[in-house]
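Each chain is listed here by its residues.
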Amino acid sequence: MTSQATSIKHPGAVSAAFQKLLKNKLATVCFFVLIVLIILVAAAPLVTPYLPEDTDVTSRLAPGFWGKWSKNPADVMKVKADHPLGTDHLGRDMLSRLLYGGRTSLLVGLVSTGMGLFWGVIFGMLAGFYKRLDNIIMRFMDLLFTFPGILLAMLIVAMLGASTFNSTLAISIWSIPSFARMVRSRVLQIREEDYVMAVRSLGASDWRILFHHVFHNTLPIIIVVATMRMGSSLISISTLSYLGMGVPAPAPEWGGLIATGKNYLWQRPSLIVIPGLAVVITVICFNILGDKLRDILDPSLKD
Amino acid sequence: MPQTKVLQVNNLVTAFRINKQEYPVLNGISFDVAQNETLCVVGESGCGKSVMTLSVMQLLPANGSVKSGSIKLDGQELLGLRENEMGQIRGNKMGMIFQEPMTCLNPLLTIGYQMTEGLRRHDKGLSKKEAEAAALSYLNQVGVSNPEARLRQYPFQLSGGLRQRVMIAMMMSMRPRLLIADEPTTALDVTIQKQVLLLLAKLKRTMNAGILFITHDLGVVAEIADRVIVLYAGRKVEEGTVRQIFENPQHPYTRGLMAAVPNIAEDTFEIRPIPGSLPNIMEPVGGCSFHPRCKEAIARCKSVIPPLIETSPGHMAACHLVGGQTA
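First to last, the sequence lines map onto chains A and B.
For the first sequence, our numbering gives the first residue as 1, with consecutive numbering after it.
For the second sequence, our numbering gives the first residue as 1001, with consecutive numbering after it.
Mixed in with the good hints, there may be bad ones.
Once the Cα atoms are required to be at most 27 Å apart in a straight line, the calculated DSS-like pairs of lysine-lysine come out as [unchecked claim]:
hint : chain 1 : residue 1 : chain 2 : residue 2
1    : B       : 1067      : A       : 131
2    : B       : 1129      : B       : 1093
3    : B       : 1129      : B       : 1072
4    : B       : 1020      : A       : 131
5    : A       : 262       : A       : 78
6    : A       : 262       : A       : 71
Source of the hints: derived by calculation from the structure; they are not laboratory data.
Between the sequences and the hints, there should be enough to build the whole structure, so can you do that?
And the structure:
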């Protein structure tokens, strides 16, 4: 009986959407790239023996595995099997820095998206549902929107000081209005639906209508916005770190890696190419995934 | 025999606010519904039928409000109640069935979830299991086949008739004293329509409830009504038992409505509409609001609003021409 009871509660829509997603080749590839990335990053200590801050003065600015084919004999000499992606100017293993840095980047992206989502959804639902709150909330959101995103985040970091927590906070505050806007516009539609009137006529309270009926119907749009937002949050934290306003050195972060690597652009371009590629690939995957999710979730699900 | 009145509405005035100005949509409507009685409200689109039900439920859109009058449910005055008190009454004491069954269920939640949600709110002590069992029995009562499977289905997997039955079952599970049905059969095909009407009639008897039934389908009225009120432009123009209204309509508007129904027995099979259309609520008509369309209108109709005159016991009409009161 319990299994029956739970089966009533869970909408099958999520798994149905997932099945549809897997039918799309591009989206499937992106999905699995992200899964692999997350596994690698989570299992970093198993992949690489070095910690990201471990220095190896005997092997500085070493090339990665590709150095074996280098025309420069000095490079070929420097290649070490346990530094598959080479080392930076302090002899720190690039693979470790990339993976541990990915932890920070993804975590900051996830947490800031989550926080932005939480407040954005609450503000958006209240603004969409209660006409008298609409103006107050949305004008405040407009205020946040008037700042170019990264500028707002920089302003907040400049006020609070550069730290991982503060930059996460800054990015989440910047994320709130995009969630709030999307959710509000959806709630405005849902509020007028017959079934909202119907549950109201059955005596449901506002609270119940908002969180049981309206919220469920905003989920598709929330999933889409959140996925897209992950990409922008990742870019933001990398940008902030690159500018020295995000994750403080020496802790690794993709943007920070590019910042240190740029000084050795001509000697060892891989130092910026590799973290750069990591950012680009991850963000593209999140964006494509979000885009395909929108195709799947947005127009349908009504029937 | 005097029956207990479930719903008593007195002199109800509901107005809508358009561009900062109030326009009355209902102009002092009074009626009541007794236990085990079906009161049908007829009238053309826009005459205020739906606004009337929404006023009773107090679910008017944000720009509409009840200005004066009284609405009593089982003797309890509803006007002036706070929203959370009203929430207790909606569902518990009165339930509503809507016109469009296709959109009245939340598309993302299973039938079972939506049914048990209401039941458990209604009766806080009910466990999930008990609520499900109750939902099953109600689905059985409204004649839904294979109810166990239905509980696990989503609204899009159900046909219109089934959804309307589910809506009825949901409302029924609240055991309301008053059932408000706002054109519940308009969106259904004729065979399903008949079944739903029979179901409502059965419900009324078993629950001893009153039904307020809104429709513009006179065939449905003849089928289900005990008494009928005819609305025109926010006023009650005629009231009587279903017999009185059908056999001896007094108001020219009611007669027009009757005449507009094509008679299948006639050879010509002609539709005779009432010429013209309802007055715009923003430009109210003086006197009897029907006079611009009325073939029998006299001078007085243009200036004086006709009062309701009782022509025979229980039969009232608001027209200067009835009751020998010619000018």
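How the hints compare with the structure:
For the hint pairing residue 1067 of chain B with residue 131 of chain A, the CA-to-CA distance comes to about 22 Å; that is within 27 Å, so the pair holds. Our distance criterion of 27 Å between C-alpha atoms is met by residue 1129 of chain B and residue 1093 of chain B, whose separation comes to about 24 Å. Between residue 1129 of chain B and residue 1072 of chain B, the direct Cα distance comes to roughly 36 Å. Violation of the 27 Å bound is thereby established for this hinted pair. Annotation: proposed proximity of residue 1020 of chain B to residue 131 of chain A holds, straight-line Cα distance about 17 Å (limit 27 Å).
Restraint check for residue 262 of chain A and residue 78 of chain A: the C-alpha separation of about 21 Å stays at or below 27 Å, so the hint holds. As the CA atoms of residue 262 of chain A and residue 71 of chain A are separated by approximately 23 Å, the hinted pair is consistent with the 27 Å bound.
Of the numbered hints given earlier, the model fails hint 3 alone.
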